[in-house]
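J.: Listed below are the residues making up each chain.
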Amino acid sequence: MMNSGASNNMMSAAPASGNNAPAPGLKTYFKTPEGKYKLQYEKTHPAGLLHYGHGKTVTQVTLAHLKDKPTQAPSQSSSTLGVSSGVRSAAARLLGGGNGSRALSFVGGNGGSKPMSGTTTRIGSLGASSTGNMVGNPNFDAKGTYLVFNVGDAIFLSDLNSQDKDPIKSIHFSNSNPICHAYDPDAKDGHDLLIGLNSGDVYSVSLRQQLLDVGKKLVAAQHYNKDGAVNNSRCTCVAWIPNGDGSFVVAHADGNMYIYEKNKDGSGDPSFPVIKDQTQFSVSHARYSKNPVARWHICQGSINGIAFSADGAYIATVGRDGYLRVFDYKNEQLICGGKSYYGALLCCAWSMDGKYILTGGEDDLVQVWSMEERKIVAWGEGHNSWVSGVSFDSYWNAPSSDGVAENVVYRFGSVGQDTQLLLWDLEMEELVVPVRRAPGGSPTFSTGSQSSHWDNACPVGTLQPAPSMRDVPKLSPLVAHRVHTEPLSSLIFTQESILTVCREGHIKIWTRPGLPESQSSNSDSLSSTSLKEKHSISGKVASSSYKQ
Amino acid sequence: MGVAGSKLEKALGDHFPEGERYFGLENFGNTCYCNSVLQALYFCVPFREQLVEYYSNNKNQGDGDENLLTCLAELFTQISSQKKKTGVIAPKRFVQKLRKENDVFRGYMHQDAHEFLNFLLNHLVDILEKESHKAKNQAVANGPSNGQVNGVKQEPTVTWVHKYFQGILTNETRCLRCETVTARDETFLDLSLDIEQNSSITSCLKNFSSTETLNAEDKFFCDKCCSLQEAQKRMKIKKPPRILVIHLKRFKFMEQLNRHKKLSYRVVFPLELKLSNTMEAADSEYSLFAVVVHVGSGPNHGHYVSLVKSHNHWLFFDDENVEMIDESAIQTFFGSAQEYSNNTDHGYILFYESIVADKC
Numbered sequence: 001m002m003n004s005g006a007s008n009n010m011m012s013a014a015p016a017s018g019n020n021a022p023a024p025g026l027k028t029y030f031k032t033p034e035g036k037y038k039l040q041y042e043k044t045h046p047a048g049l050l051h052y053g054h055g056k057t058v059t060q061v062t063l064a065h066l067k068d069k070p071t072q073a074p075s076q077s078s079s080t081l082g083v084s085s086g087v088r089s090a091a092a093r094l095l096g097g098g099n100g101s102r103a104l105s106f107v108g109g110n111g112g113s114k115p116m117s118g119t120t121t122r123i124g125s126l127g128a129s130s131t132g133n134m135v136g137n138p139n140f141d142a143k144g145t146y147l148v149f150n151v152g153d154a155i156f157l158s159d160l161n162s163q164d165k166d167p168i169k170s171i172h173f174s175n176s177n178p179i180c181h182a183y184d185p186d187a188k189d190g191h192d193l194l195i196g197l198n199s200g201d202v203y204s205v206s207l208r209q210q211l212l213d214v215g216k217k218l219v220a221a222q223h224y225n226k227d228g229a230v231n232n233s234r235c236t237c238v239a240w241i242p243n244g245d246g247s248f249v250v251a252h253a254d255g256n257m258y259i260y261e262k263n264k265d266g267s268g269d270p271s272f273p274v275i276k277d278q279t280q281f282s283v284s285h286a287r288y289s290k291n292p293v294a295r296w297h298i299c300q301g302s303i304n305g306i307a308f309s310a311d312g313a314y315i316a317t318v319g320r321d322g323y324l325r326v327f328d329y330k331n332e333q334l335i336c337g338g339k340s341y342y343g344a345l346l347c348c349a350w351s352m353d354g355k356y357i358l359t360g361g362e363d364d365l366v367q368v369w370s371m372e373e374r375k376i377v378a379w380g381e382g383h384n385s386w387v388s389g390v391s392f393d394s395y396w397n398a399p400s401s402d403g404v405a406e407n408v409v410y411r412f413g414s415v416g417q418d419t420q421l422l423l424w425d426l427e428m429e430e431l432v433v434p435v436r437r438a439p440g441g442s443p444t445f446s447t448g449s450q451s452s453h454w455d456n457a458c459p460v461g462t463l464q465p466a467p468s469m470r471d472v473p474k475l476s477p478l479v480a481h482r483v484h485t486e487p488l489s490s491l492i493f494t495q496e497s498i499l500t501v502c503r504e505g506h507i508k509i510w511t512r513p514g515l516p517e518s519q520s521s522n523s524d525s526l527s528s529t530s531l532k533e534k535h536s537i538s539g540k541v542a543s544s545s546y547k548q
Numbered sequence: 001m002g003v004a005g006s007k008l009e010k011a012l013g014d015h016f017p018e019g020e021r022y023f024g025l026e027n028f029g030n031t032c033y034c035n036s037v038l039q040a041l042y043f044c045v046p047f048r049e050q051l052v053e054y055y056s057n058n059k060n061q062g063d064g065d066e067n068l069l070t071c072l073a074e075l076f077t078q079i080s081s082q083k084k085k086t087g088v089i090a091p092k093r094f095v096q097k098l099r100k101e102n103d104v105f106r107g108y109m110h111q112d113a114h115e116f117l118n119f120l121l122n123h124l125v126d127i128l129e130k131e132s133h134k135a136k137n138q139a140v141a142n143g144p145s146n147g148q149v150n151g152v153k154q155e156p157t158v159t160w161v162h163k164y165f166q167g168i169l170t171n172e173t174r175c176l177r178c179e180t181v182t183a184r185d186e187t188f189l190d191l192s193l194d195i196e197q198n199s200s201i202t203s204c205l206k207n208f209s210s211t212e213t214l215n216a217e218d219k220f221f222c223d224k225c226c227s228l229q230e231a232q233k234r235m236k237i238k239k240p241p242r243i244l245v246i247h248l249k250r251f252k253f254m255e256q257l258n259r260h261k262k263l264s265y266r267v268v269f270p271l272e273l274k275l276s277n278t279m280e281a282a283d284s285e286y287s288l289f290a291v292v293v294h295v296g297s298g299p300n301h302g303h304y305v306s307l308v309k310s311h312n313h314w315l316f317f318d319d320e321n322v323e324m325i326d327e328s329a330i331q332t333f334f335g336s337a338q339e340y341s342n343n344t345d346h347g348y349i350l351f352y353e354s355i356v357a358d359k360c
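As they're listed, the protein sequences go chains A and B.
Position one of the first sequence corresponds to residue 1 (this note's numbering), numbered consecutively onward.
Position one of the second sequence corresponds to residue 1 (this note's numbering), numbered consecutively onward.
If we strip away everything but chain A, and leave its shape as in the complex, we get (with noise of 0.2 Å):
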């Protein structure tokens, strides 16, 4: 009801509640102050294919770009890739013995050569399997920009920029669902994608090696914790560490956190120790040098996201127990952290900068908390229903008309279990004093005094406590729109478009209004091949360049 006025107007949807209407009372665009966006078209996956066990598990997605080119040997920009290069070329070389050189592609465009050991047991069962065919398409090189979504026992591969519908691969899990993803661009020795199961198992694997793949089985995967040997509880979350040479974090449903690093023996036990305080935060480090090396204690209760700021020096955390924490990641130390305003946290995500993390919970509300404040600075009121996914929108630029550069306006987006996308407008300025009060002003959000507490500022590694409804400072929504007929689980921004992903393993693209009039000068953006890609003609010369 707060946010009637400011989303009615812009909301091209249908009503979003009482009718049971399918698709039909869906529309395929909704419009925005900068136009509309348009929905492009949908992936799913095969029907007929779910088993019982669907509805389980909660689908999700991840963007993978397969950035090199296959036709491109040894070629400039060594310089940039660093380090990262040996690896790639060691397994290059490796591949390259057994294989045509279609298989050798995907680890072509850089030079120099430093051998990396430990990759030997890998780099076998891969080269067995490589057989460079594809299924269907002779010309398949697995290039470009894949969804990678999990829906029942198995894990769907779509290619983002072609019109099918279904996904072009396959790989099914016999034992336990895959639940959760994470894709790492620069992986170095060409496993770049995790898989974390219900089981608590964990793989990681080569994402073009899966794509070249004819079976319906994962190949050439590396195992960890296998068969819940170290955690028997539901993984809920992985994530690459960035820069972080190939280490990554597996969150799970027991409230702990294990950190893997490769080419460390993950078969012997680690032995931590029992947890003594269960409330408590606590890290304990493998005794040898064995994965997982590190063993973190967030939490009672489920971590339900977990989410690395981009230069990787943070991570932060929601779970079952309602907080929000954010650690120091190299110093193992928690640094701050509040409590939703009741239930618990369901997702979180950081903005390019570093300054805001976002959070969605079972409260319906979302939450935009400062670093630099350490509190909640907004509460965006808008969804029916526990918000699901959070993301800001790192291509969106502020109309800068009034040309006042301190004023940064954020652009982010929720999506619900209420079938909603909402975008939102964070404007620094406008948070100091309490933001677009309620129409029709019940006295209960007249926002003006801030309790005296608020404004003390927290020692580092406190934990505060859920603040009162009227502390906090609302936001509503500049769009309200029902984009599926199922609940949300996540959204994810691209320069072209808004990805939408419901719980059932549906997604909707959805295009921003306009086409970008030139090439932003983000050059890793994922989408700049894709684009090339459908004006095809100069594809391959074009993308050299965005390798820097």
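No lab work stands behind these hints: they were computed from the structure.
What you were told as hints is all true, and nothing was included just to trick you.
Which chain B residues stay away from chain A? Per the calculated CB distances, all over 10 Å, these:
1. Glu9
2. Val158
3. Val305
Here are the computed lysine-lysine pairs in the DSS-like style, where the Cα-Cα straight-line distance is at most 30 Å:
4. B:Lys238 - A:Lys339
5. B:Lys309 - A:Lys276
6. B:Lys7 - A:Lys56
7. B:Lys206 - A:Lys27
Idealized CB from N, CA, C, for every residue including glycine.
Position chain B relative to chain A; hints supplied.
T.: Positioned in the frame of chain A, the structure of chain B alone reads:
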């Protein structure tokens, strides 16, 4: 049954809570509506303790005074004083008394659990009020007795059922002509909420207390203007109850069909909840401790089970059977996002207890 009991004991192992009893309730032909509600009430610990105390204070009275209150007190005492930790009990006397007291529940038809809860709580209130009147009259004869202040004209008696379950709503109506706000207080023992597809309890509560405009055919008689006027109306919670019972209106009367239809909407309920639209300064916080679940696709048949939190474990009560379940399994009772679904187990009555009240 014995096997099921030992299974539960095994599952809990050393964690079996000291002094706690987990007993299934026998079904006497479609009495699952009753069993599911009784389990939820039994695990409303302050309420249970009150009943057990009541039983021990009144057990010497003859059978002539038997009523639903004494039967319930007896049943709860019977469960809590079992030698075994788990097993099955037949709530025979209670069900017999219930059928005698109210002919709605007399037959062997499927009954509405919320109607039963409502009837039971109001009936307990009636009995307690009558007893209190009796005590008062005796007190006039015998001098002051405990708990009763003599000589002071009392407000309507506040029984311990009120103490736990009663909250106060304020119905505020603002005349749009003279701006006068008329406030009327109403008491409630539970809140019945309209539900929407893919929404949350938070959202349903917001809708419940959202501002409604009275106009056209539905104008408000303003005492100051002495005429029918357009007005804005809203419900606020003036006094939140210690035990907040939320009833989801899943059975909707369809006029075209001239019968009730079950809404299987997915309505998510958090394990912790706050009421933000109260008139008090602090947002009162609640924790979910029981859910009565309706199983089935229609209103006139089906089954009731309950989920109960006891000592940080969640238990699943299905008549005679008691099982442990994981907290994460609760989400399977939210409802279905699509109309036609195999999932027919839907949360119907939610029991939240105030966290603050425990500390006081």
